[in-house]
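Number of protein chains: 2
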Amino acid sequence: MSNMLTIVKTTNPKSKPPQNQLGFGKHFSDHMFIMDFDLENGWHSPRIVPYAPIQLDPAAMTLHYSQTVFEGLKAYRTEDGRILLFRPEQNLERLNQSNTRISIPPIPEKDVLEYLKQLIATDHDWVPAAEGTSLYIRPFIIATEPNLRVSPANTYKFLIILSPVGSYYPEGIHPVGIHIEEEYTRAVRGGTGTAKTGGNYSASYKAQEKASAHGQSQVLWLDGVEKKYIEEVGSMNVFFKINGEIVTPALNGSILPGITRKSIIEMLHDWGMPVAERRISIDELCQAYKENTLEEAFGTGTAAVISPIGEFAYNGEQMIINERKTGGLSKKLYDTLTGIQTGKLNDPYGWTIEVK
Amino acid sequence: MSNMLTIVKTTNPKSKPPQNQLGFGKHFSDHMFIMDFDLENGWHSPRIVPYAPIQLDPAAMTLHYSQTVFEGLKAYRTEDGRILLFRPEQNLERLNQSNTRISIPPIPEKDVLEYLKQLIATDHDWVPAAEGTSLYIRPFIIATEPNLRVSPANTYKFLIILSPVGSYYPEGIHPVGIHIEEEYTRAVRGGTGTAKTGGNYSASYKAQEKASAHGQSQVLWLDGVEKKYIEEVGSMNVFFKINGEIVTPALNGSILPGITRKSIIEMLHDWGMPVAERRISIDELCQAYKENTLEEAFGTGTAAVISPIGEFAYNGEQMIINERKTGGLSKKLYDTLTGIQTGKLNDPYGWTIEVK
Ligand SMILES: Cc1ncc(COP(=O)(O)O)c(C=O)c1O
Ligand SMILES: Cc1ncc(COP(=O)(O)O)c(C=O)c1O
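Protein sequences appear in the order of chains A and B. UniProt numbering puts the first residue of the first sequence at 1, with every later residue one more than the last. UniProt numbering puts the first residue of the second sequence at 1, with every later residue one more than the last.
FYI, nobody ran anything at the bench for these hints, they're computed from the structure. Owing to the predicted nature of the structure, the values given are computational and were not obtained by experimental measurement. For glycine and all other residues, C-beta sits at the position ideal for the given N, C-alpha and C.
Computed list of lysine-lysine pairs in DSS-like fashion (alpha-carbon distance at most 25 angstroms, straight line):
(1) B:LYS228 - A:LYS228
(2) B:LYS157 - A:LYS157
(3) B:LYS227 - A:LYS227
(4) B:LYS206 - A:LYS157
(5) B:LYS227 - A:LYS228
(6) B:LYS228 - A:LYS227
(7) B:LYS26 - A:LYS157
Chain A regions said to be covered by chain B (calculated; three or more residues, Cβ under 8 angstroms):
(8) 17-28
(9) 61-67
(10) 100-114
(11) 133-141
(12) 158-165
(13) 191-205
With the hints as extra help, turn the sequences into a complete structure.
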């Protein structure tokens, strides 16, 4: 079994979608990365091949027991045509944390970072250049052993696929409305909330349907135990500015440790604006709203980077934040972080890695 | 798009594994059932085809967000060579309940029952006859649309695969040891515990590893909120006989509503031994043990039917039940239920359906 990366290039390249019609996660590039795991050889046979369907036995364990983990990160095109990755080593580290929780064998992070760079170099002309666009990178692992026993598989596939994605804010950054969910639960301590594993996401669809039915765009999740403490917003971490203090829920064992969250905390610390990572109850939020000290709220994640929140709907009540306008802190964080990611601003933290 | 079942038979039948080496879920029959869903045609193109790998786009949503549900039921060979299904309509009803939770379009239960019977008729010689063996039936649905957005898919596949399985008790029914889990959580109210969806199962592997490391064969799950009330045992519901009273945890919104559980409650009711469905705390269990009133404990599920519990390990303490011997009630329930399932006993409830 070889551990040398092999590359087979497509003889049939696709035509690229127009950069103003990319959307999210619906177009895929010409190539993908695959490697395999079995007990004798560990992770082996890394290869870049044309993007194509994969064959799975109908008894492949991932199709039955959802033994799977994934990541999401982006490559950005700079104004002078270079390609930058944002903190990819953080995503690979988190992938291995997810692996631990879901009993999947760890991947060799350093090797995988090299494979990822090679894949992007191979599909370098798939990194779009228009304002706000990027190449979304989706590494994922699936259990492939054909067996119905309820226990970890002995064989896996690791894949990376690439999707050019459009601007999250084609009309400029703007606040969204959030439905505070009291019935459905995303995650609970002792569960899988800290891992990026498929089951957490399909479990969230019902609540998202409710949010949409209430005319809101995302769900705010409360903790699964007391239904009292704020955890996340949709697939984003969440921050508040209350009476001048910046707060975000502490990583309590059921929240996904976002890399955007981490970066923002580091930036704010650097700016002399420390973030309090602590428990925040929904009552505290309502109280702050009543006292007019709820100054800003925003979600953070790879897809939107910063998503300002203009409204919370809770229990039939409406809380309008900052007159539904993007707050100054949200705007400054968005501009700075996207500036670093796209090479428009200097990167004092060494977060970006160039793909040659 | 047709809704007529088509059948394509294999030209290359497999050799059958010896009936004393079947194990669980590792051998598959010659054929499988597939049908497809899309928005224009609903569920369509039902077909029985040779068992073979399926092709999935690497962006198929089930591989990323685990939008999937499944069922598990059995067909039994009677002594006079007939084939009986046990309450299959219950499994299809539960599949649709799982579908609702995971935002998958409902299947036409009556049609699917006919397709299932046809599939088993096609592979009738795969239903083993040896004592304790059966044909395990695995219907499942996967989201196939190639798209990375976090919301329900627009296309799905429904499959049924068949696996001849060995006796759960090759040396006769015997009690197992159970580890009571305090750290990891299987399910919580508002979560997906009542649905048979993949994410619940891979989420359980870590706790199962702990149970095995402690020399126990299965996990007893406590509720996710207070870590105090008994929910299930491994992939089984659980019953206790305490001071003559038969009790089982009430279906509280995080427990899977087992069909074996339901059948046992109906049988016991019929025998004049009503089952109390209520909350049972781990303290109540420990107390009963101390007072010598914990007479029997057993798990119930399709795989084992009845699995007597001989020991609980909790917090470093050991509770030995009925001197690690199979209790009289467990034995009687096992004999009666397996007797009905295999046609050895009369079926007063109309639970079995013959496949011609
Ligand atoms: C549940 C959840 N929370 C938060 C985040 C934000 O994480 P990151 O900033 O690493 O993208 C994600 C992923 O994007 C997520 O899936
Ligand atoms: C989590 C869980 N609990 C209980 C059961 C028992 O259900 P049934 O009796 O329908 O097999 C199952 C499935 O077998 C299960 O997966």
